[in-house]
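As you go down the protein sequences, you meet chains A and B in turn. Letter by letter, the first sequence follows residues 1 to 145 in my numbering. Letter by letter, the second sequence follows residues 1001 to 1174 in my numbering.
Keep in mind that a hint or two might mislead.
[Claimed, not checked] Simulated pairs of lysine-lysine, DSSO-like, Cα-Cα distance not exceeding 27 Å:
hint, chain 1, residue 1, chain 2, residue 2
1, B, Lys1059, B, Lys1139
2, A, Lys134, B, Lys1093
3, B, Lys1036, B, Lys1133
4, B, Lys1007, B, Lys1059
5, B, Lys1093, A, Lys8
6, B, Lys1098, B, Lys1007
7, A, Lys20, B, Lys1133
8, B, Lys1059, B, Lys1036
9, A, Lys128, B, Lys1139
10, B, Lys1007, A, Lys20
11, B, Lys1108, A, Lys20
12, B, Lys1008, B, Lys1108
13, A, Lys20, B, Lys1068
14, B, Lys1036, B, Lys1139
Read the hints as simulated data drawn from the structure, not as lab findings. Keep in mind it's a predicted model, so treat the numbers as computed, not measured.
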Amino acid sequence: MKRRPYRKILLATDGSENAKSAACSGLEIARNTGAEVYAVYVAGISCCSPIMPESYDWEIGKKGSEAVAEIEEMGREAGVPVNAVLLQGHPAQEILNFAEKNDIDMVVMGTQGKAGVDKFLLGRVTEKVVRHAKTEVLVVRSPCL
Amino acid sequence: MERDFFKKILIATDGSTAAENAADFGIEIAGLSGAKVYAVYVIDITSFDSILMDEPLTKDMSERFEKKGLEATSYVEENAKAAGLEAEAVMLKGNPAKEILDFVEKQKIDMIVVGSIGKSGIERLALGSVSGKVVRNAKVSVLVVREIFDFTKFFSRSQKKAKISAPVILEKEQ
Chain A
1 MKRRPYRKIL LATDGSENAK SAACSGLEIA RNTGAEVYAV YVAGISCCSP IMPESYDWEI
61 GKKGSEAVAE IEEMGREAGV PVNAVLLQGH PAQEILNFAE KNDIDMVVMG TQGKAGVDKF
121 LLGRVTEKVV RHAKTEVLVV RSPCL
Chain B
1001 MERDFFKKIL IATDGSTAAE NAADFGIEIA GLSGAKVYAV YVIDITSFDS ILMDEPLTKD
1061 MSERFEKKGL EATSYVEENA KAAGLEAEAV MLKGNPAKEI LDFVEKQKID MIVVGSIGKS
1121 GIERLALGSV SGKVVRNAKV SVLVVREIFD FTKFFSRSQK KAKISAPVIL EKEQ
């Protein structure tokens, strides 16, 4: 093929079930291509105030590392090493920035995260990433067994 | 992780270079799991359905579209077969996004591969209208293959104009 193979895959997670099944698909692809995997969690900007840096650490440390650790665990089962990344800011923007800075080849994410209501529609973060990413984006809907 | 990995992959094409890019990428992914590839081209009849046209003209139009569709799907089919995959070319008629989604449901497809911009160009800069509809409304996974929009190509027209206008200014100075 003319295109370069996948070398770096970004798995976006927010700790939801949907994100987990998306990660599952991403790991399958990574296992088959031998790509490097980044599990990225973005803590919302509102979660922590800059006045109290200790609250920032606590919030990210708990929810974020739990979400990322789950994916690391899944990666271990699949035999794929996972790099954990914790970021803070506007989720879509941070994901896009990270992808650009690190030469990510493909972003993998679920359709609906924590704010989701309708199964068949796109989440806000996913929609933004699909629209603005300069890389390939895989939107995952299939459940992970 | 003993899940049936993507077994049936639909590659939507409209004959544009963006779609060909997407197809190459989709075939690569299909190769990972040895999936069956469906190359789908949809003849968009929505635009000329509303206009009253005499029969020979409609016939001529659909013949042309069919030829174009055959070209587009055979590109995908050939490449998929060259990669050692099972491939099938499919041609549909109707509203592109709707037909693609209907086909996906009927054939129990696992994954759709679309290019980010197709024929309608920069209608929405980042995501084409058909791709957008497919991503939003599909019930299966969708891989959006990015076509980086070539701004130099887009602005080349205005650059040409500038070149033409340059000697005019010189004449004025003389």
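Given the hinted pair lysine 1098 of chain B and lysine 1007 of chain B, is their Cα-Cα distance within 27 Å? Measuring from Cα to Cα gives roughly 22 Å; hence the hint holds.
When you check the alpha-carbon spacing of lysine 1007 of chain B and lysine 20 of chain A, does it fall within 27 Å? Between lysine 1007 of chain B and lysine 20 of chain A the Cα gap is close to 20 Å, so the pair holds against 27 Å.
Compare the distance between the alpha carbons of lysine 1108 of chain B and lysine 20 of chain A with 27 Å, and conclude whether the hinted pair is satisfied. Judged against 27 Å, a Cα distance of about 23 Å means the pair holds.
Within 27 Å, alpha carbon to alpha carbon, are lysine 1036 of chain B and lysine 1139 of chain B? Measuring from Cα to Cα gives roughly 19 Å; hence the hint holds.
Under the criterion that the straight-line Cα-Cα distance not exceed 27 Å, is the pair lysine 1059 of chain B, lysine 1036 of chain B satisfied? Given pair lysine 1059 of chain B, lysine 1036 of chain B is violated - Cα atoms ~33 Å apart, limit 27 Å.
Check the hint pairing lysine 1036 of chain B with lysine 1133 of chain B against an upper bound of 27 Å on the C-alpha distance. Holds: lysine 1036 of chain B and lysine 1133 of chain B sit about 24 Å apart, inside 27 Å.
Pair hint outcome, lysine 20 of chain A versus lysine 1068 of chain B [Cα-Cα no greater than 27 Å]: violated, 41 Å
Between the alpha carbons of lysine 1059 of chain B and lysine 1139 of chain B, is the straight-line distance 27 Å or under? violated, 35 Å
Please verify whether lysine 128 of chain A and lysine 1139 of chain B have alpha carbons no more than 27 Å apart. holds, 19 Å
Check whether the Cα positions of lysine 1007 of chain B and lysine 1059 of chain B lie no farther apart than 27 Å. Outside the cut-off at roughly 37 Å; violated.
CA of lysine 1093 of chain B to CA of lysine 8 of chain A, is that 27 Å or under? Not satisfied, since the Cα-Cα distance of roughly 38 Å exceeds 27 Å.
For the pair we were handed, lysine 1008 of chain B and lysine 1108 of chain B, check the Cα-Cα distance against 27 Å. Roughly 8 Å between the alpha carbons, so the hint for lysine 1008 of chain B and lysine 1108 of chain B holds.
Figure legend: structure checked against the earlier numbered hints; hints not met, in rising order: 1, 2, 4, 5, 8, 13.
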